[in-house]
Amino acid sequence: MKKILLVSRHAPYGSSMAKDAIDVALAAAIYDQDISILFMDDGIFQLTKEQNASEISQKNINAMLSAFPLYGVEKLYFHLSSAIQRGIKIDELALDNITALHDEEISTLLNSQDQVLSF
Amino acid sequence: MSVLHTINKSPFSFTILKSFVSVCGMNDGLLLLEDGVFGALDNAITNDEQLILKQKNIKIYALSTDVIARGIEKKISKHITLISYDDFVQLTLEHQNVHSWF
Chain A
1 MKKILLVSRH
11 APYGSSMAKD
21 AIDVALAAAI
31 YDQDISILFM
41 DDGIFQLTKE
51 QNASEISQKN
61 INAMLSAFPL
71 YGVEKLYFHL
81 SSAIQRGIKI
91 DELALDNITA
101 LHDEEISTLL
111 NSQDQVLSF
Chain B
1 MSVLHTINKS
11 PFSFTILKSF
21 VSVCGMNDGL
31 LLLEDGVFGA
41 LDNAITNDEQ
51 LILKQKNIKI
61 YALSTDVIAR
71 GIEKKISKHI
81 TLISYDDFVQ
91 LTLEHQNVHS
101 WF
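Residue numbers (the numbering used here), protein chains in the order written: chain A, 1 to 119; chain B, 1 to 102.
For the record, the hints were derived by calculation from the structure and aren't laboratory data. Idealized CB from N, CA, C, for every residue including glycine. Just so you know, nobody snuck in bad clues.
Chain B stretches covered by chain A per the calculated footprint, using a threshold of three residues with CB under 8 Å from any CB of chain A:
| no. | stretch |
| --- | --- |
| 1 | 1-15 |
| 2 | 20-30 |
| 3 | 87-98 |
Next comes chain B alone, as it looks inside the complex (with noise of 0.2 Å):
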């Protein structure tokens, strides 16, 4: 027997990462958030992105506790800065805006 699959989410829906890549602004933050999290990973950010991320200055974070939550504290890129609810407090106020990609 053959299997029928169904997929009931739009294939634009997943390219949340590279959405933000293309419109943030220079000297923005990035902080990576529960599942979102998975994005610290090594090979998360292609290096295209990743060129582009550095020539916007965009500083990146994950948030600690969902990063060991998740058990990839190990695994996760040189260039990201872990950080604690404090910290996230305290970018909230440094910067303009706060704009939740979901």
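Next up, chain A with everything else stripped away, as it sits in the complex (with noise of 0.2 Å):
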């Protein structure tokens, strides 16, 4: 089994990177990969609560990703800084089952993969 990291650092609906990153996550999973996904730079808007995308004609981008845990996608990261420079508080984020990450630790999961996609 392979390890693959997708690495999401752009914000959700303006551009359809984050839900393609969503999208590639939960193919791999079906297929038994080992994925972990980490949220770094604008990235980390796709995790804040009372997203309502209703309102521009999309899918919550949250509410997609509240789902990883039934696909057996559980690796799931944050770069600490990136929240911090964007004004986030841990407990502003839907998902309570992601672990934040200092800088050295972003560099030690890069280099623990086989694959690293980038979105």
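Combine both chains into one complex, guided by the hints.
This is how it looks when you write it as structure tokens:
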């Protein structure tokens, strides 16, 4: 089984990048791959509570993210400084099973993968 | 008359180089390509960032064809090594993973 890390670095809704990462994660999970997902930079904005994307005729990204555990995608991480820079506190995140990583832990995570996919 | 300016990009999204500097690991490599080669200009990387990259032993490369295409080969910093596409392939083999920041 390959260790695959998806790095999601873009805000939801402005482009399809956030949704694309979720689609890949769910597809790979169905094929029993060892998937991890890291949210950093503007990707942090995918994690906020109280999104209401029906206002712009889209589906809530945070709701899709909360489906991850059902598909066995449980290695979820976010870059702590990205959240702090954007004024987002841990209790404002929609997922509670997500791990905060410091700068040096990110390079360790990147180094421990067979494949890294960027979104 | 006055002007109405509109902005449709997050102000946090122009900080790729900063993000890279904060999370890169010891002995990682950085390859600047396409418009990324403007990061090879003399003052694109701050002295503080330069110091961190030095401490982590990060080697910085720029793709020669992209540099030449943009006419900036005489202006690039002395810390940067210009490389060919063949060298690019070689670098992908020398590192565990490739992570594209876009």
